[in-house]
Amino acid sequence: MQSLISRPVKRPEGEDKASGRALYVADLPKKDFLWGRYLLSDRPRARILSITLPPLPPGYSTVSGEDFPASGRAHIIKDDWPFFAEGEVNYIGEPILLLLGADAQVLHHLLNQIKVEYEDLPPVLTLEDSQNKKEIIFGRNNYFTEYKVIKGDPEGAFQKADRVFEGTYRTGAQEHIYMEPQGMLAEYDEGILTVYGSMQCPYYVKNALLPAFGFSEDRIRIIQTTTGGGFGGKEDFPSLIAGHATLGAYKTGKPVKIILDRHTDILMTPKRHPSKISIRTALDSQDRILGMEIQILIDGGAYEGLSSVVLQRALFASTGVYRIPNARITALALATNTVPNGAFRGFGAPQAYFAIETHMQELAQFIKQDPVKFKRSNCVDYGDSTLTGGTIKEPVMVDELLAKLKEISGLDPYKLPPREIKGSKTRAYGFSLFKHGCGFTGSGERDKIKAVVKLRRNADGTVEILIANTEIGQGAHTTLRKVVSETLGIPFSRIILNNPDTSRVPDSGPTVASRTAMIVGNLLHRAALKLKNQGTVGEEITVEERYAQPPEIVWDQETFVGDAYPAFSWGANLVEVEADPLTLEVQVKNFWGTYDIGVPLDERIAEGQMTGGISQGIGYATVEVLQNREGRFLQQTMTDCLIPTAKDSPEIKVAFVNNPCPYGPFGAKGAGELPLVGAAPAVASAISNALDLLVRELPATPESLIKESKRGEQK
Amino acid sequence: MIIKCIINHKPCEFDTDPTKRVIDLLREDFGLTGVKEGCGEGECGACSILLNGQLTNSCLLAALQLQGREVLTLEGFRETEQFRILEESFAETGAVQCGFCTPGFIMASKALLSENPSPTREEVRDALSGNLCRCTGYESIIKGVLLAAEKGEGVW
Chain A
1 MQSLISRPVK
11 RPEGEDKASG
21 RALYVADLPK
31 KDFLWGRYLL
41 SDRPRARILS
51 ITLPPLPPGY
61 STVSGEDFPA
71 SGRAHIIKDD
81 WPFFAEGEVN
91 YIGEPILLLL
101 GADAQVLHHL
111 LNQIKVEYED
121 LPPVLTLEDS
131 QNKKEIIFGR
141 NNYFTEYKVI
151 KGDPEGAFQK
161 ADRVFEGTYR
171 TGAQEHIYME
181 PQGMLAEYDE
191 GILTVYGSMQ
201 CPYYVKNALL
211 PAFGFSEDRI
221 RIIQTTTGGG
231 FGGKEDFPSL
241 IAGHATLGAY
251 KTGKPVKIIL
261 DRHTDILMTP
271 KRHPSKISIR
281 TALDSQDRIL
291 GMEIQILIDG
301 GAYEGLSSVV
311 LQRALFASTG
321 VYRIPNARIT
331 ALALATNTVP
341 NGAFRGFGAP
351 QAYFAIETHM
361 QELAQFIKQD
371 PVKFKRSNCV
381 DYGDSTLTGG
391 TIKEPVMVDE
401 LLAKLKEISG
411 LDPYKLPPRE
421 IKGSKTRAYG
431 FSLFKHGCGF
441 TGSGERDKIK
451 AVVKLRRNAD
461 GTVEILIANT
471 EIGQGAHTTL
481 RKVVSETLGI
491 PFSRIILNNP
501 DTSRVPDSGP
511 TVASRTAMIV
521 GNLLHRAALK
531 LKNQGTVGEE
541 ITVEERYAQP
551 PEIVWDQETF
561 VGDAYPAFSW
571 GANLVEVEAD
581 PLTLEVQVKN
591 FWGTYDIGVP
601 LDERIAEGQM
611 TGGISQGIGY
621 ATVEVLQNRE
631 GRFLQQTMTD
641 CLIPTAKDSP
651 EIKVAFVNNP
661 CPYGPFGAKG
671 AGELPLVGAA
681 PAVASAISNA
691 LDLLVRELPA
701 TPESLIKESK
711 RGEQK
Chain B
1 MIIKCIINHK
11 PCEFDTDPTK
21 RVIDLLREDF
31 GLTGVKEGCG
41 EGECGACSIL
51 LNGQLTNSCL
61 LAALQLQGRE
71 VLTLEGFRET
81 EQFRILEESF
91 AETGAVQCGF
101 CTPGFIMASK
111 ALLSENPSPT
121 REEVRDALSG
131 NLCRCTGYES
141 IIKGVLLAAE
151 KGEGVW
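Residue numbers (the working numbering), protein chains in the order written: chain A, 1 to 715; chain B, 1 to 156.
Any given hint could turn out to be false.
Pulled from the structure, derived: some chain B residues nowhere near chain A, Cβ distances all over 12 Å [what the hints assert, rightly or not]:
| hint | residue |
| --- | --- |
| 1 | MET1 |
| 2 | GLY40 |
| 3 | LEU51 |
| 4 | GLN65 |
| 5 | GLN67 |
| 6 | GLY68 |
| 7 | ARG69 |
| 8 | GLN97 |
| 9 | LEU132 |
| 10 | SER140 |
| 11 | GLY154 |
For lysine-lysine, the following BS3-like pairs were computed, each having C-alpha atoms within a straight-line distance of at most 30 Å [stated by the list, open to error]:
| hint | chain 1 | residue 1 | chain 2 | residue 2 |
| --- | --- | --- | --- | --- |
| 12 | A | LYS31 | B | LYS143 |
| 13 | A | LYS415 | A | LYS425 |
| 14 | A | LYS653 | B | LYS151 |
| 15 | A | LYS422 | A | LYS373 |
| 16 | B | LYS143 | A | LYS422 |
| 17 | A | LYS589 | A | LYS425 |
| 18 | A | LYS115 | B | LYS20 |
FYI, nobody ran anything at the bench for these hints, they're computed from the structure. Glycine included, C-beta positions come from ideal geometry on N, C-alpha and C.
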C-alpha cells in the first residue's frame, strides 16, 4: 500500500458539503420547535432597574439567569461569565433574557415592545482607561490577570547599554467571520438535555452546562453538527448559546433553536483581544542586543473568559524567534465594558508577533543593518534557551525556510529590491520570521486537558476513531483518519470518524491551540499500534490511549519556568505590496510563505490551512477594522465588517520544509495558527517600506497610517 | 398571494406572503437547505441561486419576485455533469474546507462558466468577488474554477 502521509486524499465529507447535503445546525429538519431570540443590552454598563414585558401570547415565554436550576454562570476557565446579565449589564450585546416562541416574526415584534429601564454607570471603554483605573469595574484594579517573567539580568543589561531603542505597537479587535453564524438546537427529553450545534469543543460545552443544571454526566449530551468555520470563535461562546438554548428547552419541554443572524453574531460574540505592546531594547556598542523590556496589555472585555491563557501565549511569544539573553516581560489582561474577547487563531501570538517583528525591523533600520540579515543573525538555534528557560529541542530550519522562500518567489530574501516607484504608486517588499508553540501552553495538556482517545475495531474489520475533536473545515478528520489507516496498514476508506457525540466519545480535548494533529494524532497513532497487536479479526475490540507528557518536557505553571511548548512550528513570509503615497491605500500583490510544520500529513490540506491563515492575516493587517465608539462597534454587519474578497486577495504561494517531530504522528506538528501569526507583520513591514512610514498600529488603514511618523523621525 | 414559478425544473404554484424572503421560502417551505444564510444582506453570496439564469442573492429577494420566473438552486443543479465536474475540480484543488460558502461558490462558478466557458484568472476573480470565503484565501477556489473550465470543455 502506498503511503498516505503527505499525499493528498479526497476529503470524505467534501462531496456532501459541495452538494449541499451536509446539515449545519440551521438545516436540521426539526419539527415543532421554538425559536429563541435575545433581548440584548444596549448600554455598556448599567444597572437594570426593571424589565417590562408586553402581554405574551400563549406558547410564548422568556427565560433568564435565575431559571437555571443550579448556577447562572458558564464555566469557561473560571465560573466568571454569566449566561444572562445578573442585575447589571457590562457590555453592549450582553444577553438579558431569551424570548421563546414558534413564530420568528411574532418574536421580533414582541422583542421590540420589551422595555428595559436602566441606571447608567460610568463605563471603561479603552485599555488606557482601564489601566489608569478611570473607574474600577473589576476587582481592585481592573486586572483580570497579571504576569511577570524575568530572564537573566535585565536591569544589568539596561545599565550596560550603549543605546536604547523603543516602540509601542497597537492592534485592534478582529472578528472571526466564520461563514456559518453561531447556532444551537437543544431538547429536553426523559430527563436528558441534548444539544446539537456549531462548535469546536463539545466537552467544553458539556462542562459549562453541568454546573449550571447540577445534572449528572449522563444527563447532558452534546452533538456537534457540521460546522462552518471556527477559527477560535467557536471555542468559548458556544457554551453560552448552548446554555441559553438548553434552559429554554428545560423550561418549556420543547426543542429550542437559536441561530444568530450575522448582526447579532458580530454584536455579542468574542473578538481577538486588542493590544498595546511596548518594547525597549538595550544595545551594546557593537549593536548587539543585550536585553529587552516588554510590557503587554490586552483588552479582555467585560468577562475574563479565556483571557489569562491568551495572555500567557502572548507573553511566551513576545520575544519572537530571537535570542534575548536578558528580558523582563510584564503582561496584563484588563477589564473593559466591551464584548468579552476570546480565542482567535493565534491566541495572543499575532499581537505579540506584530510588535516584535515590527520592532526588530525598526531596530535593524536604526542600526543601519539589513532587517532580514539582522533577524536571521539573532534567531535562536537548536539547544538555545527560550524566554522561560526551556530549551529549543528541535533542529531550527530557518536557513532552509529562507532558501525555499527564494525558490518559490525568485527573490533572495537577503537582497530584496528597494522601494520601486511605479507611476503614482510605490511597491516594496516585507518579511517576517516566526514560530508557534504546538499544543496547550505549559502543562495544560497534562494537568487540564488529560486527553483520552479510543479506537474500536468492528467485527467487519472497519475501525472507528472515537474522539471529541471536530472537523471545522481544517481537515482534521481527513488527517486523523490517515494517521490510523497508515499505522494499521488498512485502507483509508475502512476508517470511520463521525462528528462527535459526547455520549459515545471520550474527551480527547478541545479543537484548539494547534493541538489536534500533533497531540490527538499522536495518541491515535499509539492507540493504533496497540490495536494492531490485540484481538483477532472478526472480533470487536476497543483500545484506549491517554496523554502522558514526555519526560524531557519540564514546566512549572507557578513560576513559568521550563518548556512552555513541547515543539514549535516555524515560518518565513515574504510579501509585496503596492501603496499610494497620496491616499495611503495599500494593496497586497504577492505573498510567499514557507513553513516547517514537521511533516504535513496531507499537503493539500496543509496548503489550505496556510493560504487561509495568510488571508486572515492580510485582513488583520489591512481592512479588518472594528472601531469601538462609546462601547458600540461602528461595524455591525458584513457590509462594513470587511474581510478580503477574491478580488483583493493576492496570489499566494506556499511551500513546506520537512522537519519530522518526535511528538507528532509521522513527524507532524501543529499547523492551524502558524500562518496567521506571521502574515500581518510581513504585510506591515512591506507597507512601512513602501510608504517610508513607521507602521505601529494594525490594521494599517489610510486613517491610521496618516497618524504614523516618517521613518527615522520617531522619538 | 399565489405565486407561480419554476423551482428546480418543476412548475410550482403556492400561496405565500409576497414579502417573504426567497431564502426563507426555499429553505423552510421547500426544504432546499443547500441555500445557506451567511449574512442576510447580500454580502456573502452563500445563498446564491440562479434566477432566470442570473446569479442572485436569495436573501435580497421577496417571494413576489419569483412570479413567472425560474429558480435553480444547488439541489436542482447537483445531478448534472457540470456539477460533477465542478465538485471534482473543487476537491482536487482543495477548494472545500468548512463548506458553508461552497454551495454559493458552486452556483457562482456555474453562472460564470455558462456565460464564459474559458475564463482567465482575472475573470474568475471578478466573477467570484460577490462570494465570501473565510477558510481558503480564495486561491484554491480560483484554481478549482479554472480546472473545471479545462476539464469540462464542451460541457458548459
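Hints and how they fare:
1. The Cβ of MET1/B sits about 16 Å from the closest Cβ of chain A, beyond the 12 Å cut-off, so the non-interface label holds.
2. At roughly 6 Å, the least C-beta separation between GLY40/B and chain A is not larger than 12 Å, which violates its mark as non-interface.
3. At the 12 Å boundary, the C-beta of LEU51/B stays outside the reach of chain A, the nearest C-beta of that chain being 17 Å off.
4. Listed as a non-interface residue, GLN65/B keeps its Cβ farther than 12 Å from every Cβ of chain A; the least gap is roughly 19 Å.
5. For GLN67/B, the shortest C-beta to C-beta distance to chain A comes to about 22 Å, beyond the 12 Å cut-off, and the non-interface label holds.
6. The non-interface label for GLY68/B is consistent with chain A: the shortest C-beta to C-beta separation is roughly 26 Å, beyond 12 Å.
7. Every CB of chain A is more than 12 Å from the CB of ARG69/B (nearest about 21 Å), matching its label as outside the interface.
8. Not every CB of chain A lies more than 12 Å from the CB of GLN97/B, the least distance being 4 Å, so the non-interface label is violated.
9. The Cβ of LEU132/B sits about 6 Å from the closest Cβ of chain A, inside the 12 Å cut-off, so the non-interface label is violated.
10. Listed as outside the interface, SER140/B is inconsistent with that label: its C-beta sits roughly 6 Å from the nearest C-beta of chain A, within the 12 Å cut-off.
11. For GLY154/B, the non-interface assignment is confirmed: its Cβ lies about 22 Å from the closest Cβ of chain A, beyond the 12 Å cut-off.
12. Annotation: proposed proximity of LYS31/A to LYS143/B is violated, straight-line Cα distance about 40 Å (limit 30 Å).
13. Taking the CA atoms of LYS415/A and LYS425/A, the gap is near 22 Å; set against the 30 Å cutoff, the hint holds.
14. A distance of roughly 23 Å separates the Cα atoms of LYS653/A and LYS151/B; the hinted pair therefore holds under the 30 Å criterion.
15. Taking the CA atoms of LYS422/A and LYS373/A, the gap is near 27 Å; set against the 30 Å cutoff, the hint holds.
16. In summary, the hint linking LYS143/B to LYS422/A is supported, as the alpha carbons are separated by about 29 Å, within the 30 Å threshold.
17. Between LYS589/A and LYS425/A, the direct Cα distance comes to roughly 13 Å. Compliance with the 30 Å bound is thereby established for this hinted pair.
18. This hinted pair checks out: LYS115/A and LYS20/B have alpha carbons roughly 28 Å apart, not beyond 30 Å.
Going down the numbered hints, you'll see the structure goes against 2, 8, 9, 10 and 12, while the others check out.
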